[in-house]
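Starting from the structure of chain Y, add chain G where the hints point.
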Amino acid sequence: MITQVFRKTMQIGVLLSLLTLVPTMALAMESSDCKSCHDDTDMVGEELMIEALTFDQTAHAEVGCPACHSSVTEDHPDDGLAPSKASCAECHDGVSEEYVNSIHAENASCNDCHNPHRALGPTAVSGQDMNLQCSTCHENVEMQAKHAEWLPQADLHISTLPCITCHSASDEYVISLYIIKRQSGTPFGGFELASYEELNELSGGKPVQELVDINADGYISLAELRMFNRDSQNKQLRLQGMMTPENVSHDFRTRNDRWDCSFCHASGPEAMQVSYLSLAESDGSFHRVSVEKGAVFDALYGTPDFYMVGASRSSALNYVGMAILAGGMVMPLGHGTLRFLTRKNRKDEEE
Amino acid sequence: MSSKIKIYLQPTPVRIWHWLNALGIITLCVTAVQIRFPEHVHLFANYKAAILLHNAAGLVVTFSFTLWFIYYALVRRNMVDVYIPSVDDIQNGLLRQAKFYMLTYFLGWANPHHPTPDNKFNPMQKSAYLAIMFLLVPLVSLTGLLLTNLSPMRDLVLLVGGLKILIAIHFLLACSLCAFLFTHVYLATLGKTPMAYIKPMWTGWEEEDEDHHPHSAS
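Residue numbers (numbering that gives the first Met the number 0), protein chains in the order written: chain Y, 0 to 350; chain G, 0 to 217.
Hints are not guaranteed to be accurate.
[What the hints assert, rightly or not] Chain G stretches covered by chain Y per the calculated footprint, using a threshold of three residues with CB under 8 Å from any CB of chain Y:
#1 22-36
#2 41-50
#3 101-114
#4 163-176
To be clear, the hints were calculated from the coordinates, so they are not data collected in a lab. Glycine residues also receive a C-beta, built at the ideal position from the N, C-alpha and C atoms.
Just chain Y, same shape as in the assembly (with noise of 0.2 Å):
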């Protein structure tokens, strides 16, 4: 209990001071006076270059370079002095206090995944970008190895779910599309993630949105996403569907209840009911445009190459098939009625 107050006090200590250290700070030196120099690479150099545009997409642009980078002043970087650095805990205690617990702590640091400068929420990044983190050390071809030992098509889970979707508690999944584009204009190379860059040359100076929210109301309807799929302008891009976590954990314990396929696999249409399109922006971060409710359940074109087997069936096709199977019990059925009712006259026969 007293150890318990000791730590609030502390940390309202903590907080007390820093907020009044950053006014006096910010007044000696603001953010754009840093960006000044450190968004050109020709006056800082390649290692302490900070990517303006991407850096005011984070939250971490909100609370300005100061609020972590206290100590410098005026005079740097002349006074030859290290600019001091906030540890993440400093806010980030929650997720901390998460981390330092979990098996993981002990192989990195939250600067390892996280550059503090480029961390976006899970929302502003893409499933391809999650495991873009994972992949620095946990190499891939003998991660699929791993998983193939005893999950059927890993290579296909493993790129399309971010991995923190079995080995974290992350929750409140949504179907996130991506458009990714047939690399290297060969017939048959691989898809990959498409880059701003890519989709601003194919929308032709329309925002990027438009190929695929075609009449720009900011929402994707069905039928804009089968006008997309369909179209042979198109056959270089694909939508990719990944299932991501818009809530992330960080405490890196494998579910148990993943080992079970059905956590995904049998989680019934509630669960896939919510889809955006997610697309690069200029700074590197994604953004989300809501797509029709359901349109991962399309029979054929909403989302031609989505489908999680059990989880993501059309339950029109369902009925087709029902019918077909009904139209096999026509002839055992009234046949076989027949074949009762006269009966008699094939016993006559054999006599």
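Here is chain G on its own, set in the frame of chain Y:
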């Protein structure tokens, strides 16, 4: 009372193929129900078990199809006689056989078709098996093979029009195959006794009245 003769109608490779196929297809149908409706059907311990069994049974059916093809096309070399309807089959046979199933069977008349090893199927059977063995089974097997190897065969999937179209083809053809199965099993019981047509597929030998087979004693 006419005397009975026995004819060797179903050679061993055909019988092995048939029952391998039967086991495979039934396993595929049963596992497929759990795979498509996992929240309602729990026949197998878990979803992965159903998937793995479905994939394995799919390979068995694909393998047995290959066995069937090699046997009829290369070993026995009577695939055309057995499976392709002749002009007479189309002009007269189909109607004659349909008339038997729909009318004269109920009146107690005998089946107009009498099987021999090179002419096992009646005209209706020939037409049905032609569609099944040359269209349904190969297409269900091929789409199934694609579905179990999506990443390496991505370009083929795109050629079909996408994963959803591939799934739709696989699902609807499989339903058709399953629907045929009901009719197939029912018609198999339509012999003189319910087991009369089923027994030859197990033993190889069919019993026929001699007066129907004046030249088949060889």
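Against the structure, the hints come out as follows:
Requiring three or more residues with a Cβ within less than 8 Å of a Cβ of chain Y, the coverage given for the stretch 22-36 of chain G holds, as 3 such residues are present. For the stretch 41-50 of chain G, the stated coverage by chain Y is satisfied: 4 residues place a CB nearer than 8 Å to a CB of that chain, which reaches the threshold of 3. Under a criterion of three residues with beta carbons nearer than 8 Å to beta carbons of chain Y, the stated coverage of the stretch 101-114 of chain G is upheld, 6 such residues being counted. Under a criterion of three residues with beta carbons nearer than 8 Å to beta carbons of chain Y, the stated coverage of the stretch 163-176 of chain G is upheld, 8 such residues being counted.
Of the hints listed earlier, there is not a single one the structure fails to meet.
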